[in-house]
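S.K.: Residue strings, one per chain:
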Amino acid sequence: MSRRSLFLWSASLVLPVMLCAHLFIGFAPTSLPELTNALLHFEAETYEQAVLLYQRVPRSLIAVYVGGVAAASGFVLQSLIRNPLASPSTMGVNSGAALFLVAGTLVFDLGTALQGVAALGGAVFGFLACIAVARIAGRRNDPRGLSLILAGALVSMLFTGVTNAFLLADPARRVDFLSWVTGNINHAYIDRLEVFWWIGVLSVAVFLVLARPMTLILLGSEKAASAGVNVSLVSWIALLAAILGSGSAVAVCGPIGFVGLIVPHIVRPFVGSNLVFALPACLTTGAVVCLLADLAAREALKPYVLNTGLVTDLIGGIVFVVIVKRFYLSPGSREAA
Amino acid sequence: MRILVLCVSLALAAMSPAFAADRSLTDDTGREVTVPEHPQRIVVMHEPLLGVPLMDLGVELAGSYGRSDDGTFVIAVDFIDTVLGEGHPKPKGIGPVGQPDLEKIRALEPDLIVASELDAGKAEQLSTVAPVYLQNVGSGKVHGFDVEEDLAALVGREGAFARRKADYLDRVEDLRAALPEDPSGKTYLAIFLTDQLNVVGSSSGMVQALEDLGYSRLEVAGTNGISSGGGSMMLMPLSAEEFGRLDPDLLILLNSYMAQGRDEADTRAALDKLVPGWDRFMKPALEGRVLIVDPARVITPTVASAEHMLDSLGDWSRKER
Amino acid sequence: MIRRGLATDGKRVLRLRNGLQARTGNLRAGIGLVAAVLLLAVFSAGLGLTDAGLSDLLRTLSGHVLSGEQDYALWTVRLPRIVLGFMVGWSVAICGALLQSIARNPLADPGLFGFSQGSMTMIMLLLVVTPAAPKSLIALAALAGGLCVALLLIWLVGRDRSTGLSIVLMGIAIESVLSSFGSLLILYLPTETSLAISEWLAGSLFQASWPIIAAFTPLFLLSIAGIVLIGSALAAYDLGTEMAMALGEAVAVSRPVILLLAVLLSASAVTAVGPLVFLGVLAPHLASLISPAVARARLFLSGLMGGILVVAADAVARGLAGDIPMPLGLSLTMIGVPLFIVALRLQALRKRDLH
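Protein chains in written order, with my numbering: chain S, 1 to 337; chain U, 338 to 658; chain Z, 659 to 1013.
Extracted from the complex, chain S is given alone in its bound form (with noise of 0.2 Å):
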């Protein structure tokens, strides 16, 4: 078996074990038979299997979303885009929609909605500030489009930054925000999931429909026109249904960073730059990453919570250094100026 089937295989196999573990662990050995049953039947009678049904199992819904949808976005602007630090939260697209989502509510007091439209307007504006921020590097030393990386991070720092200041004019509502604003998977956002979810389904299906010219434009623009491929119209379909994807995202749970960066880096070693077999990997690979972090971050300090924010942000801080040191500072690439 190759490389490839065999990562799908596992990947696939992962999931539904990752998934079960991120359910069931916690709970006393003794009582996962009444467990499995109340999930089968969907009735809870006791309150551990209330537990599993109200919290747990829409935790996992959100965290599933999340992870598969950061994942998916993160590669597709990475092969369009051309870099391998390009992802969501590194271009501003998380930071710009989590601004526009509480200065919308703490100016205008938006609902759940109208909410999400301005999640989904601040992702798209954050992508944009990111973009215009990095002109003015200009291209003549940077053939490794870092400019975008570091107008992207500069860019996150400023959103941030003025999000932390809205926050500070309103202290009440600053207590309810706090947490959503570091990226907190919380089964009480399950609402939120309920409004969003079809945006995220929409945009993994825009890239399935897209993958086989998306991966024929990575070959080569040239290559790609010539073989029928309209290169701006694939581009800009895929990058706005990648920004609005992460934007749904965060409109859900807050920004919840690193994953759309460092999944796309596990799955390309096994299985290639082909989008059409890269992103289910990559969908499946996210999912079990996030429930991964969202199981360590609630059992972690028990019975505090973590946030799960705080837990990718921190290992994924930890995993870019070792993507940077492996793609930048190795001996290769050292002669590049």
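These are calculated hints, taken from the structure and not from any lab test. Backbone N, C-alpha and C fix where the C-beta goes; we use that ideal spot for every residue, glycine too. It cannot be assumed that every hint is accurate.
To be verified - Straight-line alpha carbon distances no greater than 27 Å define the calculated DSS-like cross-link-like pairs of lysine-lysine that follow:
hint, chain 1, residue 1, chain 2, residue 2
1, U, Lys620, S, Lys302
2, U, Lys656, U, Lys523
3, S, Lys302, U, Lys523
4, Z, Lys669, U, Lys478
5, U, Lys478, S, Lys302
6, U, Lys441, Z, Lys793
Said to hold, decoys possible - To list a few chain U residues with every Cβ distance to chain S over 12 Å, as calculated:
hint, residue
7, Pro373
8, Asp438
9, Ser464
10, Glu486
11, Gly496
12, Thr524
13, Glu548
14, Ala607
15, Gly625
What the hints assert, rightly or not - Rough simulated footprint, nothing fancy, chain Z against chain U, three-plus residues with beta-carbon under 8 Å:
hint, segment
16, 439 to 447
17, 452 to 462
18, 471 to 484
With the hints as your guide, set chains U and Z onto chain S.
M.R.: Below, chains U and Z without anything else, positioned relative to chain S:
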């Protein structure tokens, strides 16, 4: 004739407040401050924690941080109206949130500024206007309505505080007699609902009332020994799963200030969102040991808040019977 | 004797006896910026609740005595804020310009490298443990935090042959880890402490006072001395590390020194006012738009521009915002971002004109 003039001038001098002595004190962070004996114009840097206790003692405030120019408070809940009742004169604002305006403070001509230990960085600048006294308000450092007691000593109203406390203690005894069961030895757990479950700290009138009645806080220790609240430093939210398994003798729920409402139905709905099915499975809910309180009334470290808590407890126990 | 001449690229210069030369374009820009600073300072001194301004100050020179509140407003509140704001803006802008030369990328910024994050994290930890720490201890903590990050950067990046690219990327990685740690603190501390820390994170000139200015002045003078001494080295750095070494620049010595100066400037700015995001990128960029310069002239112009921006932000926050909460960081963003967009447009137009 000269003796008469002397006596009259002495009498006048004795009555004149301008000659009141200044005292030299050490505030809660160790700074030496020279404070007037009976401050007339006080500016506070935190209205719920410092301003309301002072007003509860009968002191009128000149200015307070968090009031805007048109007299409204920065958050939707006005603590003065809620805790002390309507009709009290409101202090003036000293600048928007996050930016106290020194010129505005000076225009109010304060003779004392009361701030919390968290404003230590601002103390030097504030002391260019008036002496600054830093009072501890953090949860680990003060308990119940200690803040009001300390401030009473600061402004020379110990007598007023003693009277308030005596009345309050009488009411505690009355309530204790009226309760069906003796509360001593029972446990309580107070939770503040936002989008997570936050255990309420120990510096509020509510906690004072409960502990004077005899309740003690439920220890929420985890398997790795993290004690309730994570010590005095951190304040982590409680896991919703663990919460459903807890069984305090009295469960108290407070809904966030910005929620749609702080009455019973809204609070129950808010908790249902966080811990679905709690009213079906939690022992306190099944046995009717849940008390829902308006946080704005009971959260300030004042005798008035403690009395509101007693009222709520009394109403609730009567309804339960 | 000052003589006029022409530089090798045809631009006018002024030459001094000892060989020092300065382009007239840069000189004019510098003088213009200084004039702008003074005008802005005068305008800003008149903003606020009390009715006092420059005219009152001038009258004191002729013996007139100000009323108590006018004197207070001018000397205790407004002037310290303006002076400290200028010095802090100057420091951050120069720090940004230094880092941009070392990293050879116009987007380098002390916040991006993690220096200001390191200082902030250290200060936050200190404030959590002892909220009433004295100012000197806070300054030391900020410096220690910045130095730790610098050392970590150097360790992660490796030998002195490494490129600006790697430093910047590592800086971003460190910055994100530290900022998540900061979010942890803000999230899990009791509300009042968390609010106090967040207020400080938003940037504030509230604590500006003459003693703090006096403490900051040696650093200000040091930065001027640094510019004069290091300035020539920066021109070599702009060409790249290898080129700089080929030109005889002792990279192994001067790069750590430049980094150290940058850390010092950034840490003191963070201590005095809190983190000012984006200023380190914005000010040098705007300055180069007014007059493209290299090395020393670039540093001076960037510093002046940074000072102008902060003084303007303070004027907005104090005078024009009224009852709306407007921390310094936010007003700096509100002034800076439109200017930045305008600068981008002008740059694009200029590029088009050149073709």
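S.K.: Determine for every hint whether it applies to the structure shown.
M.R.: Hints, one by one, checked against the model:
no.: 1; hint: U:Lys620 <-> S:Lys302; verdict: 21 Å, holds
no.: 2; hint: U:Lys656 <-> U:Lys523; verdict: 20 Å, holds
no.: 3; hint: S:Lys302 <-> U:Lys523; verdict: 25 Å, holds
no.: 4; hint: Z:Lys669 <-> U:Lys478; verdict: 68 Å, violated
no.: 5; hint: U:Lys478 <-> S:Lys302; verdict: 25 Å, holds
no.: 6; hint: U:Lys441 <-> Z:Lys793; verdict: 25 Å, holds
no.: 7; hint: Pro373; verdict: 31 Å, holds
no.: 8; hint: Asp438; verdict: 16 Å, holds
no.: 9; hint: Ser464; verdict: 24 Å, holds
no.: 10; hint: Glu486; verdict: 26 Å, holds
no.: 11; hint: Gly496; verdict: 35 Å, holds
no.: 12; hint: Thr524; verdict: 16 Å, holds
no.: 13; hint: Glu548; verdict: 23 Å, holds
no.: 14; hint: Ala607; verdict: 9 Å, violated
no.: 15; hint: Gly625; verdict: 18 Å, holds
no.: 16; hint: 439 to 447; verdict: holds (count 5)
no.: 17; hint: 452 to 462; verdict: holds (count 9)
no.: 18; hint: 471 to 484; verdict: holds (count 4)
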